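Protein chains in written order, with my numbering: chain G, 538 to 899; chain Z, 538 to 899; chain Y, 538 to 899; chain W, 538 to 899.
Treat the hints as calculated values from the structure; they're not laboratory data.
Please note that a few of the clues may not be correct.
If several chains are the same, the list does not tell them apart, and a pair holds so long as it fits within one copy or across any two.
Unchecked claim - Below 25 angstroms or equal to it, Euclidean Cα-Cα: the simulated SDA-like pairs (lysine to any residue) are:
1. Lys864 x Ser705
2. Lys700 x Leu734
3. Lys612 x Ala627
4. Lys680 x Glu860
5. Lys811 x Pro831
Owing to the predicted nature of the structure, the values given are computational and were not obtained by experimental measurement.
Number of protein chains: 4
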Amino acid sequence: MSGNTFGTIFRITTWGESHGCAVGVVVDGCPAGLTLSAEDVQKELDRRRPGQSIASTQRKEEDRAEIQSGLFEGKTTGTPISMIVWNKDADSSAYDAIRNAPRPGHADYTYVAKYGIRDHRGGGRASARETVGRVAAGAVAKKFLANEGIEILGYVTELGGIKAEISSMDLSELRAKAESNPIRCPDQDAAERMLQLLDQVRREGDSLGGVVDILAKGVPPGLGEPVFDKLDADLAKALMSLGAVKAVEIGAGLESARLRGNQMNDSLIFREGKVDFETNNAGGILGGISTGAPIFCRIAVKPTPSISRKQRTVDLSANKDSEIEIKGRHDPTIPPRIVPVAEAMVAIVLADHLLRSRSARL
Amino acid sequence: MSGNTFGTIFRITTWGESHGCAVGVVVDGCPAGLTLSAEDVQKELDRRRPGQSIASTQRKEEDRAEIQSGLFEGKTTGTPISMIVWNKDADSSAYDAIRNAPRPGHADYTYVAKYGIRDHRGGGRASARETVGRVAAGAVAKKFLANEGIEILGYVTELGGIKAEISSMDLSELRAKAESNPIRCPDQDAAERMLQLLDQVRREGDSLGGVVDILAKGVPPGLGEPVFDKLDADLAKALMSLGAVKAVEIGAGLESARLRGNQMNDSLIFREGKVDFETNNAGGILGGISTGAPIFCRIAVKPTPSISRKQRTVDLSANKDSEIEIKGRHDPTIPPRIVPVAEAMVAIVLADHLLRSRSARL
Amino acid sequence: MSGNTFGTIFRITTWGESHGCAVGVVVDGCPAGLTLSAEDVQKELDRRRPGQSIASTQRKEEDRAEIQSGLFEGKTTGTPISMIVWNKDADSSAYDAIRNAPRPGHADYTYVAKYGIRDHRGGGRASARETVGRVAAGAVAKKFLANEGIEILGYVTELGGIKAEISSMDLSELRAKAESNPIRCPDQDAAERMLQLLDQVRREGDSLGGVVDILAKGVPPGLGEPVFDKLDADLAKALMSLGAVKAVEIGAGLESARLRGNQMNDSLIFREGKVDFETNNAGGILGGISTGAPIFCRIAVKPTPSISRKQRTVDLSANKDSEIEIKGRHDPTIPPRIVPVAEAMVAIVLADHLLRSRSARL
Amino acid sequence: MSGNTFGTIFRITTWGESHGCAVGVVVDGCPAGLTLSAEDVQKELDRRRPGQSIASTQRKEEDRAEIQSGLFEGKTTGTPISMIVWNKDADSSAYDAIRNAPRPGHADYTYVAKYGIRDHRGGGRASARETVGRVAAGAVAKKFLANEGIEILGYVTELGGIKAEISSMDLSELRAKAESNPIRCPDQDAAERMLQLLDQVRREGDSLGGVVDILAKGVPPGLGEPVFDKLDADLAKALMSLGAVKAVEIGAGLESARLRGNQMNDSLIFREGKVDFETNNAGGILGGISTGAPIFCRIAVKPTPSISRKQRTVDLSANKDSEIEIKGRHDPTIPPRIVPVAEAMVAIVLADHLLRSRSARL
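When you get a sec, could you build the whole thing from the sequences and use the hints?
Here it is as structure tokens:
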């Protein structure tokens, strides 16, 4: 059972390598009747695209989404939605140097160890370019979720140790602030300090890690399938499947370990005739099932492994120690660009569980 | 697609409620020819069993593992291994009070929201008793892994804010130390302070959270299926599917967000003719595939939600605010007892991926 | 991915060997709120039980269904339903002779070829006793389907070459007739001739094959997931997974190959304001999706492989040709007893697709 | 869980509609290291392509296979293999007439019943054009199987009631004969009579059904996962998932119902030091596991539903009875062209089970 498919009812399969002709995704299980257009997808791909700021690489990718199937007269038909984004002709010769010299922090060595062969050009299948398919699929999921009143937003809350102050959890306000700067940090002041640090680190040939929060509002109670396909378990898998993510937290997350029971527990109360919670340390999930409160996830993103400093590695062709210097332009930090990808993964999980929840009762 | 099955080739299905007649598990996909006995399973169940110390409840459960199928003359046959553990007759009347009053921090409300009906007795399906099946299945996985030279160990590294000092990563040494105290903390001094704090908190009718590390040694390079069923992604799901877990970290985990690229990247070197790594910030996984270095996971465990203090909740039968006092004995902290369960989940993931990796090449 | 689980949303996992302590099944994904009792299950197990007539073995099995989980106050809770049927103490010594001598027509040789080990006692996992779990799970599926207005009936239409005349497709009438004789054939006259032939063949130490039809009424249009999980494809798999089945037909089945297009095509018409079909050569399925017309399946069942005549086989311990005489009582024909099992498999497929169809539209 | 994915380890996902821009398939789980080229795939697509004879439509499709991913320097890398075949610009206006008038024998009505919307142009997703993806995936499976010494061949054995005489089961001989005439029937004399009948029936505006056999040689013993994912069960599903198939037989198939036990059972013997069978009524499968003898499947194919005669149907826009005349060129019979598709499905099942069997033992 290979690993390029994700989800059960709402299910995506991605394919493609960095320097192949294209990358793509097949979305199966999207309900029929949803209004969908290439623009819906393009909007999200544009958010993922490397920009012009120092927070991302200077490469100009113009990823155009093409929807190849599953649509008829502007609506989904219930059949698979294939989407493709063509790769620009890339010069792969720059990668000759890494053919036998695995880059530290990358999947180069492990792909060889597993498959005995690997497309080393541009990182091959392990390239972040693979996430184009996730973002395209996530756009479909978001459209479906919006139709059900569910909205998702990700933003950077920490970069290189600089922490943002989040004063409001209002989604519109957060979105407006986060999308107004290249860091995607809703705290404008922190964003500026992050940019400065980033500029300095980049000039040092190094890179920064950071923290991204993802918030989902409007999720009804009852989503999640105990005991293994819990909503938080599936979110953890979805987010940890992103290359640079090294930790996933739900609700109070790691902080939970330091709270006492009476601090951690969220009291239940009636608000406007409906069950609600006084606090949300649970992050909107109890026993693996959504509570109706906002879903809150947090991911720790490691610093970009491609740095221009000289690094130690091995020469697999000669079986000896070696050194490597990685050329080319690389994002000096990943969090700003992982935001739309993380949102996509959360959207896919929620869309899937929304459909799965339809079978909970008679 | 219901959520009570986990794994693809090595696959487990658990069933049972806290106050039903029994809990159990069916393990499918264990290779034929493995020497296995009820004692192998019992050993792990005994580690999970509530003990006599203040770190766990005073209840005496004598969980006896019975293997009902899949064995012939002491060896697995490749057919499903059904295992059952009978529940002791329980007095469910103590739970009448919570029938309509969802306990804060528990899955009571969400089960009702999802299914419209719930077995409230002893927490029903959402009880930690469900993990008996996981531990039994994990014992089978461990036996298979041991046969392949893979060993797994979990231990507590933080409780109620008290952090342990881990001086060695030698598995035998860690095991001997961790299993020598009721906290399962390899730092004896820290363990004593944890016990003292626990005693105090328990008397205050409150509970503590903590942190557990899980280490797997002997894992060959090449395990994990990119791009979604990455080894770290599946570990994250497996561990987050445990009720009290609110965060999962791999390798440097959350700390990765604060490191620079040149600090985070693990240099590759040749050691004794084999590719190795100078450091292991990756936690033994790159691009979702094992590197051959030790696998390192960390989980944050929330404080026990069942506390004896009065808490606010709602009365679902009367649609009004209410209060609740939870009676009975409950573990004042979960980490010591979650250790064998977390080990089991890691073992199941590794067993599954070991089998999946057999199809990577011609 | 092991093969002991069937279904996607409504999903069953069976376990157990013929001479182990028990056989059982875990049903996952049954919607919450369904009224269910052990009697519902017992009723179907009793139909499967070997009876007193010459059409089945003289053994007295008193299979009692026990429901171990997933029920609360008489209703399903949405959690896994574990069911167990204990095996009577069996004398396995009679099977010593076949330990190294694979019985022709049985799975003896192939289990050894696959697993290198096998529980030979009573056929082990490959025994028809495994179908106890299927029938128990099918009883749950039938209860769910009845709630949705769907009814299923199987009956024998051919035995040893003797064909029944089916004069009516009325389900109640068919059921009354079929269940009135030990052959389960709705044509009483044919049933008598079948019984006579069976008696003769049994005395000759031989066995008979036959044909069973399964009819499902009340199935709404829209069930089935193209292009691979078509309703007919899943029915074919479900029925072919029964040990003795060698052919599965849908609607006109094999006869379709001899019809011309204008004979085969079922014209659409309006009946009582609803779309209906003039004929039903399609067997209620077009393009893998139910049409609303009755679902019609037919299976060819091979003669019981356990016959008392001397047969040629090999001695696996000595790597030489050998002979075998199978002792003990065996059904001289399988069709009458496969009826409730085939119904169960059809019920499980329909229950699963009914739930799956809930996600077809927004 | 949508139905456009098939297989567990070797897994394919098809997408695309008849009049969309393209049809395609993603093959996941093909082992790394397999030599593969677009020519391997083209060869099979050419066999599926409508030809010049009266046995198939006169349309000229020039389906060119493009491999978009998963290959590096001529070898598979273990990552998903995406393949696409562009559709020629089609004039969809001819299909306006069927927008609201479901064609008898087609999936038109059921797609509307299920999804509430359908792409009616050229049959949309339910068009036989979808099988392009299956054939392309099957070509990859065949390449993998050839590497393991397994060969597959399909051929027509009956058409419009005319039966072929098959004098030899030698694969090379069968292939040479079958591929020498447009019916793909290894009996040249029968093939000529079939062609004559076909010509006559076509001129009458009608169509013919037929029977296709598929044979697989070189399959080792041990493939198939009891108890549900039996090899014959998965073959039955794979073949029944083809639109026009109404029956699947394994080995003696329907004839089994008329044999006695002593006729049906295949005696085991030693041949050249290996276990073999005197006969092969089992069709190479016992208890759902391959025996090592040739795998033998047979399918009944219904007559082409698109016939030029006037047929009764309904007008869904006006809710009244109506009539339909189907224009355009259509194959007057399906069996000759289904041969490579059926081979592909058998190849995919065998490739999947070959990989699955790698986990059967320690």
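Here's how the hints hold up against the structure:
1. Lys864 x Ser705: neither (41 angstroms within a copy, 38 angstroms between copies)
2. Lys700 x Leu734: The answer is within: 12 angstroms in one copy meets 25 angstroms, while 31 angstroms across copies does not.
3. Lys612 x Ala627: Close across copies (21 angstroms), not inside one copy (35 angstroms); limit 25 angstroms.
4. Lys680 x Glu860: Classified as neither: same-chain Cα gap 47 angstroms, cross-chain 40 angstroms, threshold 25 angstroms.
5. Lys811 x Pro831: The answer is within: 15 angstroms in one copy meets 25 angstroms, while 45 angstroms across copies does not.
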